[in-house]
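K.L.:
In order, the protein sequences belong to chains A and E. All the letters of the first sequence, read from the start, carry residue numbers 1 to 1173 under my numbering. All the letters of the second sequence, read from the start, carry residue numbers 1 to 171 under my numbering.
Hints in this document: simulated from the structure, not taken from any laboratory. Among the hints, a few may not be true.
What the hints assert, rightly or not - With the Cβ distance kept under 8 Å, some of the chain A side facing chain E (calculated, not the full set): (1) T265; (2) V268; (3) L271; (4) F273; (5) D274; (6) N275; (7) S952; (8) G954; (9) V955; (10) N991; (11) W1120.
Claimed, not checked - Estimated spans, in silico, between C-beta atoms of each pair: (12) T148(E) - R387(A): 38 to 44 Å; (13) N529(A) - T148(E): 33 to 39 Å; (14) S141(E) - G850(A): 37 to 43 Å; (15) G954(A) - A161(E): 44 to 50 Å; (16) E78(E) - G954(A): 55 to 61 Å; (17) T148(E) - G655(A): 40 to 46 Å; (18) P941(A) - A155(E): 53 to 59 Å; (19) A84(A) - E78(E): 34 to 40 Å; (20) S141(E) - P1092(A): 24 to 30 Å; (21) E78(E) - N957(A): 56 to 62 Å; (22) N957(A) - S141(E): 33 to 39 Å.
Unchecked claim - Selected chain A positions facing chain E (Cβ under 8 Å, derived; list incomplete): (23) T269; (24) F272; (25) V276; (26) P498; (27) N676.
In this text, a Cβ means the ideal position worked out from N, Cα and C, and glycines have one as well.
One-letter residues, chain by chain:
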Amino acid sequence: MRAPHPTGNPHPVRHIAVVATLLAMPAMAQQPRVLHAAPQNTTDYVLTRNLATPGPTVHWDLREFVDCKVPWSRGDVPGGIGLAAAAVNAEFAAAFATWAGAAPAVIDFVDQGVAPVATHGRLALDGHNVLGFTAAGGDDRYAPGVVFGGPVAIGGLVIVPGANGVLNTQPTGDDMIVGNNIIDGGNGVVDTLLNNQAGDDVYVGALALGGAVAANAQIVSAGANGRRDSVPGGDDVIAGVDIHDGGNGIVETPLNGRGGFDAGTLAVTGLFFDNVSGAILEADIVFNDSVAWSINAHAGVPAAGTNDLQSVAVHEIGHFLGIGHSGNGPSNPAGPIMQNSYDNTAASNHVLHQIDVDAINFLYTPDLGDAPPPYPSLVHGPIAGRRLNNLQLFVPGNGAGHLFGITSTQPRYQYEWLGPRIDDSPLECEARIPNLDNFDDGVVFGANFVPGGAAVQVTVTINTAIDLQGNSHPYGGPAELYLNAWFDWNNDGDWADPGEHVIGAGIGGFPVVAGIPGPLAAPWVRVANFMIAAPPGAIPGGYCRFRLDYREDVAQLPGAVVGRDPWLNLDRGAAQYGEVEDYPIPYFGYGSRMTVPDTMNTFNAGTTTAIWRTTPGIVQLIYDTSHFTNAGVNGPITIQRLRFRGADGIRSAGGQVFSAANVQLGNAAVDYSAMNTNYAANRGAMGPLGTGNITMLPTSGIWTNDPMVDIDLVAIGAAFTYDPTLGNDLLIELTFPTAPVPATGIIASASSASPATTHRARRNSGTLSGPGALSDFAAIVQLEFVGPGGYSAPQGSWIEWKGAACGGEAQSFYQQWNFIGDGFDLRGGKSLTCIPDNPTSPTFYTVLGGNNPVDLSPAALGPGPDSIGDDVTIAEIPGFVFNFPGGSASQFSCCTNGFVWLGANTSTDLSPTMAEFFNSMARVCMVWKDLHAGRNTTTHPASGMYVNTDVSGGVGNRVTYVTWLEVGEFNVSTPGVSVNTFQCALFENGNLEMRWGAMNGVQGSFAITGFSRGGTLAVPAIDPGGRDLSHETPFTTRPEGSRAGLTLTPSIRPALGVPAPFVINHTVANVPVGTLLAALLIDFAPQTPGVPLPLSQPGCLQSILVPNSIDLIVSPPNPWTTAGLQLPLGTSPNAGGWMGAVLYAQAVTLGVDGSNNPMLQSTNAIKLVLGLL
Amino acid sequence: MFTSAAVPRARASLSVVLSILLGAATAVAQVPDLDALIRRSGMIVEGSVVAVRSEWDASRTQIHTHVSLRVLALHKGELTQPKLDLRLLGGTVGNITMAVIGQPTFTPGESVLLFLRPDYAQGEFPIVALEHGKLAAAAGSDTYENGTRRLTAAAVAEANARLMRRAGRGK
């Protein structure tokens, strides 16, 4: 035995340790080349960072799982924990649903039923992912009748553990065992016969463990020395006769836990993974049944001494997904769920913090290629692989894929660097739908190719500067980014032929312009032009693939990329970071896609539920020939695919199946305007009839929305050759013999609305027996076809407002959300704090951006919820007067539609408009749109609107909290799909704080965020102009005056295809008196946040990067309208290659201030995305 | 892994007793404090990791890692020889890793301070509070640390002596 070191400072040890460490280093395994650390400070809570040996990110390889659904099973629930099995399983399912709901991550889960703990409940590689408790795992159990508590003697048998919680005996000097005849054999642990060994304890009799009822009941009695220990005062007592040994031979107490767990360990997750690829093979979670569990709502506080099961389950499932701990400290509703400890006296936490969402998005948001088979796009192979939880998995396919990179702090989306937009579709679980990735935006073809013709300029935009949040990524380094591109010139479905690797390998001698590959330099945006010519023998119809990767350079390691993905080679396989974009090669006179009606690429004029029905029936749609001829279809085309767009702005889960649906296209026998209610009367020469199951797709609710149905006409034998030049309109007929399953949750279809001249389409629908009913609400459908005309990548056009107008004399401020292209980015803990200049008589606010989380404490929430209704306003009398710039309020009227009236008002005002914002009562708009406080009560039981005034701080420190907890949107009818949490805190001292938590789903129609000092129809509040509230802070409002902010507004959406020249007029409004000079600036990139404009008053910002075009005017009128953007566009089908281009505009004025000093002012900026109507 | 020293409601009376005995908060346990670590330990050792070896079990369903330590100082508990063998669930064999979240990992040559459970020899989670019960010293340093705590061995010895005095008995 070695005595304790007298000083506890054994220095010689550490010298030895140093040597040992150095000697050990050469033996460490070399890491594969692909396993570079991610650039910058990528999440350190993804498990690769938490492992001793850095390696790949630990993750489920979703390519193995159908529909990205990872299976899990439930273990037996021991009766001893006091919770019903059904309740426990519901908590587990809810915990999985929490992670599955994170967007845009695509991972999902499937419950595979019960897997008995006895066979699958350990942390073991046994073919099952199981969530279970320790009890049936073979360890000790405490049967009823055992008492934990103060000294109790039953039948003269008293076992007393000491401070360490284990039943030790002498000579360790710790615990005392009292009773008859228990003798320690030397190891300090009270053993049972199962672990009895020579020299250890001896069991003779008298003390029965397990009693007579257990099969393994054993008799423990005194050994040779016959010594009996005494009872220390005040120690714990375990008394009883029913202690069952579970097999490990140790009698355990609550302190040392069971199942081998330490007493403070609530649950443990075990992961098996391939340490080369990082792919998880299996994961098990074991919960400690020796602690007390309870079921609570989110933010609810567990009963004393109990632990909230769902909080712990959500946390452990995070590990199950490959996510490590995000930090030290307890998890609570204000913080990450992946903190490393749990506080059962605090509020329960069932929701993900932004960095939790970042982590799952990092691991499970692939960017995939989408060229149709046989191109290497499918990531789910058809070959059966291993089984997990009795579920058949598949060997991963060879589709090209990349991961996003998302950091724990802004900016989050890092590596999708092709194109000006960094975004992705949550539908990219599988690249089975060509061009499903509507966000492909990195490549612009300057013209259409002609086989053997002149080279075409292909412009590739690589943009690390701007992400989804509008933030910069000043990342550089030698040869860190690589671009490769392949063109399938001979249209044989691959990119393997000579001359088809066009960019990256130098084949074909195409010049590399602007330094690609190579490091990016400031301003971190590179627009590279490649001159590419189609060879003389090129056959139209093929696709091209562009691939940008980080450090791996897939083209430089043909067949030699080590380990991580056996497919990774050139155009196929999964790389870690980067982006892949596939496009049909645009040939002159050869398009591939178009939308009918042709004016519906950006908006839906209406919506209808009569197409994708809940009952059996027939739907006929007729589209006028002009849609086709407008898109350049001047001859026969073969329509191969139909994509029905979901109603814009509506999220949906999809999954409904129309069984044995009939799909048939043909020539309409009548003009669309003369459609008949008799089905047969509308049918002309029809094409082949296709039959198959149609499964509704999930939609993300973006604007414009994703397809809700995708029908491969070729696959079901219904491809149809149509020639609009022959004069017949196109008829699409759908027959549903039976109702869909389930017949619920189907969202409306995006549709036209007006007949005749505008949309030129009609619908006839009804029962199978007919007749139908006519309607102008015809579906908006994207057609994919072979033949002349169309667009290589049709997309809508839109406008986004950025930056901040300046110069306004306004107390109000706001940001308007169009949700077309841009997303709601006030979320994840962002906050705005408005501090009045004078608490008793404020005239303006100083507005600070921050990260103050939503307060979900009982003091903030109160007993609520106060409303789980739709369109409800709750009056709150705070007991104090709230002074704000423009007035004061002694009542707050809190509306479920995301705003608070500063005064008494019963209006629920569900339709936001800027006019009402300024001419109605003063109000604080968190996100003013048509919300529904009770939409998610089934999935989020605590959800609703909470209104509470906390008076605990006493007079002067009272505060009213209005909290929208996990509320949904009215037009998202499926519970749990749109889940949003935000809070408005109105302090007695006049401070106003606006806080946003998880905003998972706010999409769709127009919304407003901001503060209005209020006004009337006659005298509305002054309009300061919009402001990017997530970036353009801090700022100050101004005392209310008479001048509105200097604003810039475009005349039209930048829709292409109109007669040349293409002109967008810009109007600068509220030009200051005495302005000498005005200029409209146009650029390809924004500057976010804007930088202060020199010689300007505070708040005037330059919000574009480097003007590429300047339109000047001396002594501008007010307003000044200029045709400042003219593009040399014709009416060619692909609009001269400008489809998808993004431009930014901002105007500045130069005048003099009151002291005759020169002064600049600036407008808000505008983002123009060029596309179709 | 989620750790907590919070106690079960059904055993509230035990929690009261323990709260008195342990002299520390029983309800909130982001990370066990030093006194709690010491109390829950059957043995506290300083040592040097001599060898780390992982292997599948006989059924090839679990990986265990065997850690051999040369014990250089003992601050609590007893040992008959200045060496110690630990068996922990988890480890890497070939290309397969079994990661047990929270379970500490060891590197040959590493200088460690370990808080071992009284039953450390029997189970597969021998460290008190998993990763919180293992601290390592950088080369040339006499301070042990992990993500949540920095300690010297002297501080541990002093705390242990204080606890022993409070319990009214010494070793």
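K.L.:
For each hint, tell me whether it holds in the structure or not.
P.N.:
Each hint, compared with the structure:
1. T265: With a closest approach of 5 Å, the T265(A) hint holds.
2. V268: holds (5 Å)
3. L271: Holds, because the Cβ-Cβ distance from L271(A) to chain E comes to roughly 5 Å (cut-off 8 Å).
4. F273: holds (6 Å)
5. D274: Constraint on D274(A) satisfied, holds at 6 Å.
6. N275: holds (4 Å)
7. S952: violated (21 Å)
8. G954: violated (27 Å)
9. V955: violated (32 Å)
10. N991: Hint on N991(A): violated, closest Cβ of chain E at ~30 Å, above 8 Å.
11. W1120: violated (60 Å)
12. T148(E) - R387(A): 38 to 44 Å: holds (40 Å)
13. N529(A) - T148(E): 33 to 39 Å: Check failed, 54 Å falls outside 33 to 39 Å.
14. S141(E) - G850(A): 37 to 43 Å: This hint holds: roughly 39 Å between Cβ atoms.
15. G954(A) - A161(E): 44 to 50 Å: holds (47 Å)
16. E78(E) - G954(A): 55 to 61 Å: Given a distance of about 58 Å, which is inside 55 to 61 Å, the answer is holds.
17. T148(E) - G655(A): 40 to 46 Å: Cβ of T148(E) to Cβ of G655(A): about 44 Å, so the range 40 to 46 Å holds.
18. P941(A) - A155(E): 53 to 59 Å: At roughly 47 Å between Cβ atoms, A155(E) and P941(A) fall outside 53 to 59 Å, so the hint is violated.
19. A84(A) - E78(E): 34 to 40 Å: Since the Cβ atoms of A84(A) and E78(E) sit about 46 Å apart, the hinted range of 34 to 40 Å is violated.
20. S141(E) - P1092(A): 24 to 30 Å: Hint violated: Cβ distance 48 Å, outside 24 to 30 Å.
21. E78(E) - N957(A): 56 to 62 Å: Cβ of E78(E) to Cβ of N957(A): about 58 Å, so the range 56 to 62 Å holds.
22. N957(A) - S141(E): 33 to 39 Å: With Cβ atoms ~47 Å apart, the hint is violated.
23. T269: Holds - the Cβ of T269(A) comes within 8 Å of chain E, reaching about 5 Å at its closest.
24. F272: Since chain E brings a Cβ to about 5 Å from F272(A), closer than 8 Å, the hint holds.
25. V276: holds (5 Å)
26. P498: Cβ of P498(A) sits 37 Å from chain E, so the hint is violated.
27. N676: violated (66 Å)
Going through the hint list in order, the structure does not satisfy hints 7, 8, 9, 10, 11, 13, 18, 19, 20, 22, 26 and 27.
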